[in-house]
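Number of protein chains: 2
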Amino acid sequence: MKINCKIGQKSTQISFYKDREKLLEIGGNGLFIFDEFTVNFLQELPRNYLVIGRGEAYKRLEIVEEILTKAVESGLGRDAQFIAVGGGVVCDITAFAASIYMRGVSLILIPTTLLSMVDASLGGKTGVDFRSYKNLVGSFYPAEEVRIYTFFIDTLSTHEYLNGLAEIIKHSLLTGGKFFSKITDRKEEILNRNLDVVEELVYESLLIKKEYVEEDPYEKNGLRAKLNFGHTFGHAYEAITGLENVSHGEAVAWGISRALEAGRLLEITDTHYAETVSKLLHFFNYSIDTKIVDITKFLEALKHDKKNINGLTKFVIQRNLADTYITELPEDIIIKSVM
Amino acid sequence: MKINCKIGQKSTQISFYKDREKLLEIGGNGLFIFDEFTVNFLQELPRNYLVIGRGEAYKRLEIVEEILTKAVESGLGRDAQFIAVGGGVVCDITAFAASIYMRGVSLILIPTTLLSMVDASLGGKTGVDFRSYKNLVGSFYPAEEVRIYTFFIDTLSTHEYLNGLAEIIKHSLLTGGKFFSKITDRKEEILNRNLDVVEELVYESLLIKKEYVEEDPYEKNGLRAKLNFGHTFGHAYEAITGLENVSHGEAVAWGISRALEAGRLLEITDTHYAETVSKLLHFFNYSIDTKIVDITKFLEALKHDKKNINGLTKFVIQRNLADTYITELPEDIIIKSVM
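For the record, the sequence lines run as chains D and Y.
Going by this note's numbering, the first residue of the first sequence is number 2, and it counts up by one from there.
Going by this note's numbering, the first residue of the second sequence is number 2, and it counts up by one from there.
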């Protein structure tokens, strides 16, 4: 299985592997970036590598500088390749480092979490957090190659697995059709992590993301913004709950429910559809009914989102399955939908 | 006078102004970056601005972070404009900061030195120094607009004026024709800084650079590398002499002489042409006959050039006026041409 995605003037080739074949195989002068966890999956270590800590706390400029320093010390030139082996943080910061080392060197992403397989790996958005804003600093820099090793999915905790599954469900809600049916029809196998089924979902998810990314590579025309479904509510929820207490996927699942609830309150969203999604998210054990207690703090966090510096908060709302649009929301509706 | 330069998918509009009109005039939410010198040329200060120190020592990531922090604190969003008012350092770091703030905001360059007018302002190469390598970290990010205010040329020291003139001479050697004749025919006026003549030279220089940049926006096909004429020798000379002791332009003028000498030793470069260039550079008081004493240190510095990390040192050589190619050089020729 292969996917080729054109992003602006570049293109990303995605390949799927069941086994560990080619995991460390690269062409030229490579610098591998692992996290503390993924480095354990190697039988041998490559010549040039760096291990960084796990988690959002490492997604900052200082770590990018560590990567750049390692590249200089390894004598890597313009023909170098940076290879990220890890989750979203490792992928995002390695990609950012690759985009600015000598004004851009080659980049390979080997995402090891379900979330990074369907999210960070494709689309060219790189970034680090800055002054408490997520991804405030970054670039558009697509990987030349993405390698999906499905065996990594079996290494994930349930928490981490559900973290990625939420993005897959989001993609299925945006596109509907057979993709959504597959998730509802085969939900037990998905919950039990049948790798063949999950691999199909990853593939379908990436096909959807490819569509959005190719049409709107630099997030200019608003199309790609639909991929933020569940994210406006979700990011604010993450911000006030703390990233250690709620995973991105849980926050997105919660955010999807809140967006559907807001749409329902505005009599835009089909009630039956909202209930179907709600049941599905419950089936996968997402805590989507959590109420916000400190509403002032929540509204403040909504405003603090990077997308809203000096602008209005936009929400992605669905009328029904695969029927999506972007709008602002009246404050009373926001409040009612989260309390 | 206007020039429009297409760089990859973007384009840069260059406009010339004799007066201070429009100096602080921008459309949206702007952040101005001045250096200690240029901030004095304003009758009033804009709402958001930052003043940074002068010189290469400020061309580093910490200063980029200062710019990004100021942008966050000023509440600037994706619609922001970063405006650099200064020399090459201010232009390069502001451009780099603009390229990574929210994955890229609008950029206006107002170069205030002759060197930055003809060099840093056009071409999209942004950068900061890193771990003692010049411009090791950066991006390709063309400005939307470049505003050339010729009155700034009168504010420059002789040293700084000659710093920029060397790049103009280099452009004229690459292209030959009327541009080169103008420099030889009107050299007294140029030395005496006749602003009308100098403005023409800036315009001609930018037209040449535009040609190279449009054909090879990302320095892929080697064409744009010809703009490095005089720079391989020059950068190594700068490195061992110290940036405080030799200006970039002096080093480039010296490097051009050394490259022509190397070509002459290889019996590639026309002797009469090499002498003509040598006379012209002497007329403008460039110290092009300086001998390298510590040759080991010099050869080391040549290898240390960022372009040569893990690669061979390439030199731009001319057979004659407007007849240029790129090659490696035998070490004995390098040594003979600088000692």
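Be aware that a few hints might be false.
Which copy is meant is left open, so a pair is good if it fits within one copy or across any two.
What the hints assert, rightly or not - Dumping the calculated SDA-like pairs for lysine to any residue here, alpha-carbon to alpha-carbon at most 25 Å:
1) Lys71 - Glu57
2) Lys11 - Leu137
3) Lys221 - Ile8
4) Lys188 - Gln14
5) Lys71 - Ser140
6) Lys227 - Asp295
7) Lys221 - Thr314
8) Lys188 - Asn136
9) Lys179 - His305
For the record, the hints were derived by calculation from the structure and aren't laboratory data.
Quick caveat: nothing in here was measured; it's all calculated off a predicted structure.
Alpha-carbon proximity between Lys188 and Gln14, which holds within one copy, between copies, both or neither at 25 Å: Answer is neither: 29 Å inside a copy and 55 Å across each miss the 25 Å cutoff.
As a check of your reading, is Lys221 near Thr314 (CA-CA no more than 25 Å) within one copy, between copies, both or neither? Cα proximity of Lys221 and Thr314: one copy only (16 Å, versus 41 Å across).
Up to 25 Å CA-CA - Ser140 versus Lys71, copy category: both (21 Å within a copy, 19 Å between copies)
When no copy is specified for Lys179 and His305, does a C-alpha distance of 25 Å or less occur within a copy, between copies, both, or neither? neither (37 Å within a copy, 57 Å between copies)
Status of Glu57 relative to Lys71 across identical chains (alpha carbons, at most 25 Å): Close inside one copy (21 Å) and across copies (23 Å); limit 25 Å.
Reference check for the pair Lys221 and Ile8, CA-CA at most 25 Å: within, between, both, or neither? Classified as both: same-chain Cα gap 13 Å, cross-chain 19 Å, threshold 25 Å.
Given a CA cutoff of 25 Å, do Lys11 and Leu137 count as a within-copy pair, a between-copy pair, both, or neither? Both: 23 Å inside a chain and 23 Å across chains, each within 25 Å.
For the identical chains here, do Lys188 and Asn136 meet the 25 Å Cα criterion within one copy, between copies, both, or neither? Neither: 33 Å inside a copy, 52 Å across copies.
Within, between, both or neither, where Lys227 and Asp295 count as close if Cα-Cα is 25 Å or less: Neither way: Lys227 and Asp295 sit 28 Å apart in one copy and 62 Å across, limit 25 Å.
Going through the hint list in order, the structure does not satisfy hints 4, 6, 8, 9.
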